[in-house]
Every structure is written in structure tokens, then in C-alpha cells.
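*Asks:* Sequence:
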Amino acid sequence: MSGHARTAYINLPDATAHHVPYKAPPTPQNPVVKGRPLAFLASLVENVPLLPTILYRNAGFAGLRSLEELDDVVPRFDPTVIRPPPPGDKAPASEPQYTNLRVPPQNSQGRFYTVEDYHNAYKSGRLTPSDVAEILLPLIRRDVPDRSPHSTAFIDSNVDAVREAAEASTKRWKDGKPLGILDGVPFGAKDDLDVKGYKRYIGATKDYTEGKEVETSWCVAKVEEAGGIMVGKLSMHELGMDTTNNNPNWGTPLNPYNSSYYTGGSTGGGGYAVASGLIPFCIGSDGGGSVRIPSSYCGLYGLKPSHGRVSTEPLQSSDNSVTVRGPVASNMADLDISYRTFAVPDPSEQSSSQFSPPKPFGSPSNSPSKTLGICKSWFDRADPAVQQACHSALQYLVSEHGYQTVDIDIPLLHQGQMAHAMTILAETTAKVQSLAGLTPPNKILLSVSRATPATDYILAQKLRQVLMQHLAHLFQTHPGLIIVTPTTPNAGWPIGDGELSHGMSDGNTQVRNMEYVWLANFTGVPSIQFPVGYVDPVKGSGKIPVGLMGAGEWGSEEDLIEFGYDGEDWLHKGYEGGRRKPEGWIDVLKWQM
Numbered sequence: 001m002s003g004h005a006r007t008a009y010i011n012l013p014d015a016t017a018h019h020v021p022y023k024a025p026p027t028p029q030n031p032v033v034k035g036r037p038l039a040f041l042a043s044l045v046e047n048v049p050l051l052p053t054i055l056y057r058n059a060g061f062a063g064l065r066s067l068e069e070l071d072d073v074v075p076r077f078d079p080t081v082i083r084p085p086p087p088g089d090k091a092p093a094s095e096p097q098y099t100n101l102r103v104p105p106q107n108s109q110g111r112f113y114t115v116e117d118y119h120n121a122y123k124s125g126r127l128t129p130s131d132v133a134e135i136l137l138p139l140i141r142r143d144v145p146d147r148s149p150h151s152t153a154f155i156d157s158n159v160d161a162v163r164e165a166a167e168a169s170t171k172r173w174k175d176g177k178p179l180g181i182l183d184g185v186p187f188g189a190k191d192d193l194d195v196k197g198y199k200r201y202i203g204a205t206k207d208y209t210e211g212k213e214v215e216t217s218w219c220v221a222k223v224e225e226a227g228g229i230m231v232g233k234l235s236m237h238e239l240g241m242d243t244t245n246n247n248p249n250w251g252t253p254l255n256p257y258n259s260s261y262y263t264g265g266s267t268g269g270g271g272y273a274v275a276s277g278l279i280p281f282c283i284g285s286d287g288g289g290s291v292r293i294p295s296s297y298c299g300l301y302g303l304k305p306s307h308g309r310v311s312t313e314p315l316q317s318s319d320n321s322v323t324v325r326g327p328v329a330s331n332m333a334d335l336d337i338s339y340r341t342f343a344v345p346d347p348s349e350q351s352s353s354q355f356s357p358p359k360p361f362g363s364p365s366n367s368p369s370k371t372l373g374i375c376k377s378w379f380d381r382a383d384p385a386v387q388q389a390c391h392s393a394l395q396y397l398v399s400e401h402g403y404q405t406v407d408i409d410i411p412l413l414h415q416g417q418m419a420h421a422m423t424i425l426a427e428t429t430a431k432v433q434s435l436a437g438l439t440p441p442n443k444i445l446l447s448v449s450r451a452t453p454a455t456d457y458i459l460a461q462k463l464r465q466v467l468m469q470h471l472a473h474l475f476q477t478h479p480g481l482i483i484v485t486p487t488t489p490n491a492g493w494p495i496g497d498g499e500l501s502h503g504m505s506d507g508n509t510q511v512r513n514m515e516y517v518w519l520a521n522f523t524g525v526p527s528i529q530f531p532v533g534y535v536d537p538v539k540g541s542g543k544i545p546v547g548l549m550g551a552g553e554w555g556s557e558e559d560l561i562e563f564g565y566d567g568e569d570w571l572h573k574g575y576e577g578g579r580r581k582p583e584g585w586i587d588v589l590k591w592q593m
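Numbering (UniProt numbering), first residue to last: 1 to 593.
These are computed hints drawn from the structure, not numbers from a lab. Some clues are possibly wrong.
With a straight-line Cα cutoff of 27 angstroms, these simulated DSSO-like cross-link-like pairs (lysine-lysine) come out [as the list claims (entries may be wrong)]:
{"no.": "1", "residue 1": "196", "residue 2": "171"}
{"no.": "2", "residue 1": "590", "residue 2": "177"}
{"no.": "3", "residue 1": "581", "residue 2": "543"}
{"no.": "4", "residue 1": "431", "residue 2": "462"}
{"no.": "5", "residue 1": "431", "residue 2": "199"}
{"no.": "6", "residue 1": "123", "residue 2": "177"}
{"no.": "7", "residue 1": "590", "residue 2": "171"}
{"no.": "8", "residue 1": "376", "residue 2": "23"}
{"no.": "9", "residue 1": "212", "residue 2": "431"}
{"no.": "10", "residue 1": "543", "residue 2": "590"}
{"no.": "11", "residue 1": "431", "residue 2": "196"}
{"no.": "12", "residue 1": "23", "residue 2": "462"}
{"no.": "13", "residue 1": "123", "residue 2": "174"}
{"no.": "14", "residue 1": "573", "residue 2": "543"}
{"no.": "15", "residue 1": "196", "residue 2": "177"}
{"no.": "16", "residue 1": "462", "residue 2": "376"}
{"no.": "17", "residue 1": "174", "residue 2": "590"}
{"no.": "18", "residue 1": "123", "residue 2": "171"}
{"no.": "19", "residue 1": "370", "residue 2": "359"}
{"no.": "20", "residue 1": "539", "residue 2": "581"}
{"no.": "21", "residue 1": "196", "residue 2": "212"}
{"no.": "22", "residue 1": "431", "residue 2": "206"}
{"no.": "23", "residue 1": "539", "residue 2": "34"}
{"no.": "24", "residue 1": "199", "residue 2": "212"}
{"no.": "25", "residue 1": "206", "residue 2": "196"}
{"no.": "26", "residue 1": "359", "residue 2": "177"}
{"no.": "27", "residue 1": "370", "residue 2": "573"}
{"no.": "28", "residue 1": "34", "residue 2": "206"}
{"no.": "29", "residue 1": "123", "residue 2": "590"}
Treat the numbers as computed from the prediction; the structure is a model and nothing was measured.
All chains should be built: construct the whole structure from the sequences, respecting the hints.
*Replies:* Encoded structure:
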């Protein structure tokens with residue numbers, strides 16, 4: 001068991017094994033629709049009463065009704081399991097000191113800039129935060145003539161606020177009083193977070209702030225308090241309801257590694273901005289892989305924290321049981337720093353305030369073992385090239401970093417994915433009063449979601465209980481266990497003809513794409529993704545990144561971060577050819593203004 005004793009946990013499920021033989025799921029039979037037919041289908045689904053119910057059954061949501069394993073199970077609606085501070089523990093009295101950062105060596109193949117590189121550039125006087133702001137603004141602004149293609153990754157940039165923050169940081173550096181490692185470092189925030197001076201569209205055309213001035217979300221505020229410069233709101237899939245980041249409302253950023261592929265979503269604008277070199281990290285959200293999928297598709301590092309550990313403003317825990325805030329970063333040190341900065345407990349949020357604060361930077365991991373659990377029948381559903389890349393990384397971790405692998409089983413995986421999808425759709429639908437103005441794919445999704453019977457929703461929460469009990473059993477049996485899978489079973493998602501202008505509905509690929517990521521969201525455990533290789537594309541030019549994912553016990557983020565550092569070591573030292581940068585990567589620190 002990593003960290004504290006099991007008895008210290010709040011809301012920990014009973015450790016109960018549920019052994020159900022694995023059965024491969026049926027091939028999804030959802031219709032794939034795009035262009036004008038998609039708009040026509042959306043109109044039918046909205047206006048023909050029985051059609052949503054037919055599509056609901058066709059998607060397999062009614063399949064939970066036949067599960068005898070759910071008989072006599074008490075449903076669990078909230079996956080939050082809290083690891084509180086040990087008795088007598090107090091929050092750090094001062095800002096953390098970030099020394100001896102484990103950043104890739106300067107001569108590493110495909111090296112991205114790190115937070116430390118920005119810090120050193122300011123410290124030497126070679127650049128100022130104002131210089132960096134003036135380099136970035138022409139690249140990311142939408143409100144300029146002949147705007148840069150990079151601006152598609154951004155919904156908006158508050159130019160005055162960016163310049164004001166940069167000038168304040170520049171003065172602190174000039175006076176020899178920087179706030180710390182993040183002072184003057186640019187970052188972005190996904191459009192579903194509140195930021196003062198910005199509207200919140202959540203990828204749609206409606207302003208969900210309703211024209212009111214909002215207070216900045218906790219995550220963004222903590223980074224700004226550390227001196228970080230919020231340079232803009234990042235684009236996302238409308239309402240976060242798919243994993244491509246296709247968005248006809250605001251435009252779709254293309255994958256920096258291969259422009260014939262999506263960035264992944266729904267934190268796709270962040271994936272693009274970090275992978276392109278514009279910013280070293282961003283703050284995203286993850287309700288069904290929305291941090292980890294774009295991190296995988298764009299060759300980056302992403303962390304989905306334990307449910308409730310990080311403040312989710314403006315979301316409320318009472319109407320959100322799957323979504324968390326997490327960082328997307330170009331390297332592990334930046335993921336580590338950004339996470340520890342905004343994961344400080346929020347006293348105004350009930351669950352966040354009860355969690356133990358992040359350990360001091362550089363603290364050794366408490367994990368008593370390095371055990372990687374592999375559910376082979378599940379793992380083997382990935383495409384051969386993805387499996388090969390992941391197995392190569394795992395072999396390196398075993399031989400060079402002392403990990404061991406154990407075989408594990410997880411029950412009802414396909415049904416669990418359906419239960420997660422039913423849950424996230426229902427929670428989104430409850431918050432969206434009108435379908436007017438939404439894109440056709442979301443009109444279809446939310447119309448289908450409205451056909452969910454209460455009995456099916458309760459069955460889904462019973463299955464959540466079963467899965468959480470089984471995971472508790474696995475973590476009790478194998479202390480320090482990290483469950484490893486590919487991040488996605490497919491190497492990227494190629495863009496089809498006509499999809500960018502009209503959108504598309506492809507539930508088959510969406511279900512396939514989320515094969516592994518959903519489990520952490522549904523059960524509340526933390527999960528990390530890191531790149532492990534690159535494979536040949538089926539379309540366009542440029543190899544496609546492949547990611548490996550690890551899920552740990554509730555509250556084990558620091559252990560997963562150590563796992564991420566070891567994974568980063570593979571890419572820089574063990575992988576043939578080393579890390580790759582996208583061909584159009586922006587060298588911000590050497591950019592000529």
C-alpha cells in the first residue's frame with residue numbers, strides 16, 4: 001500500500017474481488033454520419049420521439065439490465081476516496097522550492113523547452129516575460145488580420161491582461177524579486193475553466209458566463225499567484241463531448257505531428273499549444289480521457305488526478321462524478337511543478353479541502369514496490385503497433401528501473417465503459433437546458449442521453465461500486481500497484497473528408513478510442529499518460545505519437561509522477577531515435593520579433 005495506511009482513507013470501498021470471465025465486446029454498430037446528412041439526422045433525433053430510444057438501445061446502453069452481478073449491489077454515485085493529511089500534518093508554510101529539477105539534458109534528442117529554461121532566460125536577462133508575451137501574442141490572437149494558424153488552438157486572449165501580468169513579472173525580475181520558478185512562464189487554460197476577464201463558451205457559441213464577471217478558477221489562480229502568465233483560453237470540443245477536438249464553431253487545431261490527424265480532445269487546443277512549443281504546459285479537464293488522449297496523440301505528458309483532489313471550479317462536485325482538472329505538459333518536470341502548484345487544497349470546496357496537500361517537491365515516493373498490473377485480454381485489444389510500442393517501454397522499465405509485472409483481471413470492462421458513457425452524458429445533459437445552437441453531433445448525443453431511464457442510470461452506479469470494490473481488492477493484494485494499458489488502442493485519429501467544416505458523428509471510433517481511459521474517471525483513481533514511441537501514419541506525413549498509461553490507487557499522484565519520470569527516461573535514453581519534435585515546432589525562446 002503506497003502512502004498512508006488503508007484505515008486513513010475516507011469513503012474507501014470494501015476490498016471485494018469480483019471475478020467475471022473476460023468477454024470481448026461486440027463490434028459497435030453506431031451509424032457514422034457527417035456533412036449535411038448529419039444535420040438532417042440531428043433534426044430527426046430532436047423531433048421524432050422514438051428515435052432517441054432506438055439509438056440508445058443501438059449504442060448498447062440497455063445492456064446493463066441483464067447483469068446478474070449487479071443484483072443486491074448498493075449503487076455508488078460519488079467515486080471520491082479521500083486520503084486526508086496524517087494527524088499533525090500541516091500545509092507547507094511557504095511556497096515550494098523547486099531545485100534540482102529532473103529536466104531532460106540540453107543535448108537530448110527532440111528536447112522541448114521546460115519551465116526551467118524560461119526561468120534561466122529571465123534570470124540571465126537574455127529575455128524578459130514581456131518579450132515572451134510579445135512573441136506569443138501575434139501567434140495566438142484571433143482578433144488580428146491574417147491571423148496565425150496557431151490561433152485556432154485559442155478561443156481568446158485578453159491582450160491587456162497578458163501584457164499587464166508580463167510587465168509585473170518583468171519588474172519583479174528586474175528588482176531581483178521573482179516569485180519562483182513559474183514567474184513569467186506562459187501557460188493556457190481550457191475554455192471550461194473560469195478566468196476573470198474572459199467569457200466561458202465550453203467550445204460552444206453560447207457564453208456560459210452569461211455576460212457576468214467571474215472569479216478565476218482555483219487552478220488558474222494558484223498558477224497566476226506563482227507568477228505564471230495566463231496567455232489565453234484554449235479551444236476544446238463543444239461541451240467536451242467527444243475525443244477528437246473537432247469544432248466547427250471555433251475551428252479545429254490540426255495535430256502538430258501530422259496535420260491529417262486530430263489533436264485529440266477535449267483538451268485538444270491545449271495539446272496543440274504545448275506540442276507546438278507555444279507554452280510549456282496548460283490546465284485541462286478530464287471526464288473521459290480529455291487530458292490523457294490529447295497528451296497521447298500529441299506526444300505529451302498528462303495527469304488525471306484522483307476525483308475531488310483538485311478543485312474543479314466552476315464545476316460542482318454534486319453534479320459531476322467523472323471530471324477533474326489536470327495538467328498537460330511537454331515534459332515531466334513541468335507536469336510535476338504545475339500539478340503541485342494548483343493541487344493545493346481549496347478550502348471553499350468540500351472534497352478538495354479534505355485531501356492531503358501535495359508532498360514537498362523532490363520528496364521520495366512512498367511506494368513500497370514497483371508493481372505494474374496488466375490485464376492481458378484488455379491490453380491485447382490495442383492495435384499491434386501500439387502494443388509493440390508499449391511493451392518495449394515496459395521491458396525497459398522492468399530491466400532498467402526495477403519494475404515487476406503481474407497479471408490481473410478486471411470485471412465487466414465493456415459494460416463499465418458503457419456505464420461511464422451513460423453517466424457523463426446524463427450529467428452533461430442535466431446542465432444543458434437547451435439544445436439550440438449546439439452542433440449536430442451534440443444534439444444527437446444529448447437527445448439520446450435524455451432517453452436514459454432512471455433504472456439504467458442506477459444500474460450504472462451499481463457497476464461503479466463493483467469496479468471500485470475490485471480495484472480496492474487489487475490495491476490491497478498488490479501494494480503500490482499501477483495498472484498499465486496503452487492510453488488509446490489506436491495510434492491517433494485521422495481526419496476524414498468534410499469533417500472539419502460540418503463536424504461528424506462516429507460513435508464507433510469514439511468508443512474504441514476510449515477503451516482504456518474511462519476506468520480512471522468512473523472509479524475516481526488517478527492516472528498518468530506519457531509518450532513511448534511513434535508509429536507510421538495511415539494518412540498524411542509525420543509519425544504519430546503513442547502513449548502508455550498508468551492508473552494508481554486513490555491519492556497516489558506522487559507515485560504516478562515517479563512512474564512518469566521513469567517513462568520519460570525510456571523515451572530519451574532507451575527509445576531508438578529518441579524523442580521527436582513536430583516539424584513546425586515554435587522556438588519561442590529564440591524567436592525573432
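*Asks:* If you check each hint against the structure, which ones fail?
*Replies:* none
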